[in-house]
Amino acid sequence: MIQRRGKLLPGQRDEGLGPNTEIGSRLRALYGSVQEEVVPERLLDLLEKLDSAEAAQRMAQRASDQE
Amino acid sequence: MAENSSFKREMLATLPSLRAFAVSLTGRHDKADDLVQDTIMKAWAKQDSFEMGTNIKAWLFTILRNEFYSQMRKRGREVQDSEGAFTERLSVHPSQYGAMDLEDFKKALDSLPADQREAIILIGASGFSYEEAAEICDCAIGTMKSRVSRARVRLQELLEISGEADYGPDAVSAQVTTHSHSS
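Chains as they are written, first to last, in the UniProt record's numbering: chain A, 1 to 67; chain B, 1 to 183.
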């Protein structure tokens, strides 16, 4: 588990949280394990519905504008 | 038409990271997904207040975080009491942390005060700058920096990482003066 720690380049901002630090690498590993999961269908569906509802509304609006 | 589709696209691109942040706040996947769902609804309703081309990720994180805290308040619960994987209280037995693995790390992270935990996650994992993180948490940049720094020192203590070589003299002296774990 021990990783080689990155050396800081001059001027590089790193408060001990870079990807090669003990803490930084583990923060990223934990976070990344969730981030790499497939986004649940219900969340994607919701976005899709919101978007198409709005598109339909705009179409209706446009149609009534033309009348 | 085009604007809205791209709004959706940008939201889609941010969802994985937004979920990860939500899990870090709630400690549970089901609650995190409920929170993300509420966030999508809120964000969609107020998309007019978002300027395309600006930082949608920070904007969404702000909405999610506000939503989380307002739900907690409504339920009259302390953030520290939030259910889930990160609730187990640690008593400090430094010798256990010689070989640090992710499970130990998770526990250590969970033992941090909520404001410090979210600070170190936003900076160290979500990839925000101090400025962005301060905006998300509605605090001064200096406050954000000090939260991150305290969180880091605390994690070093808990996980027995020697700070000397890698983190510079500030971290080491802070480590010495930080009070030992109580409660």
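Hints are computed from structural coordinates only; laboratory data are not their basis. Just so it is clear, the structure is predicted and the values come from calculations on it, not from any experiment. Positions of the beta carbon are idealized from the N, C-alpha and C atoms, including for glycine. One or more of the hints may lead you astray.
[Claimed, not checked] Subject to a maximum C-alpha distance of 25 angstroms in a straight line, what follows is the list of computed DMTMM-like cross-link-like pairs (lysine to aspartate or glutamate):
{"id": "1", "chain 1": "B", "residue 1": "LYS42", "chain 2": "A", "residue 2": "ASP45"}
{"id": "2", "chain 1": "B", "residue 1": "LYS46", "chain 2": "A", "residue 2": "GLU67"}
{"id": "3", "chain 1": "B", "residue 1": "LYS8", "chain 2": "B", "residue 2": "GLU135"}
[Said to hold, decoys possible] Which bits of chain A does chain B cover? Going by a derived footprint, with three or more residues having C-beta under 8 angstroms, they are:
{"id": "4", "stretch": "17 to 30"}
{"id": "5", "stretch": "34 to 45"}
Item to check | Violations among the numbered hints | outcome: 2
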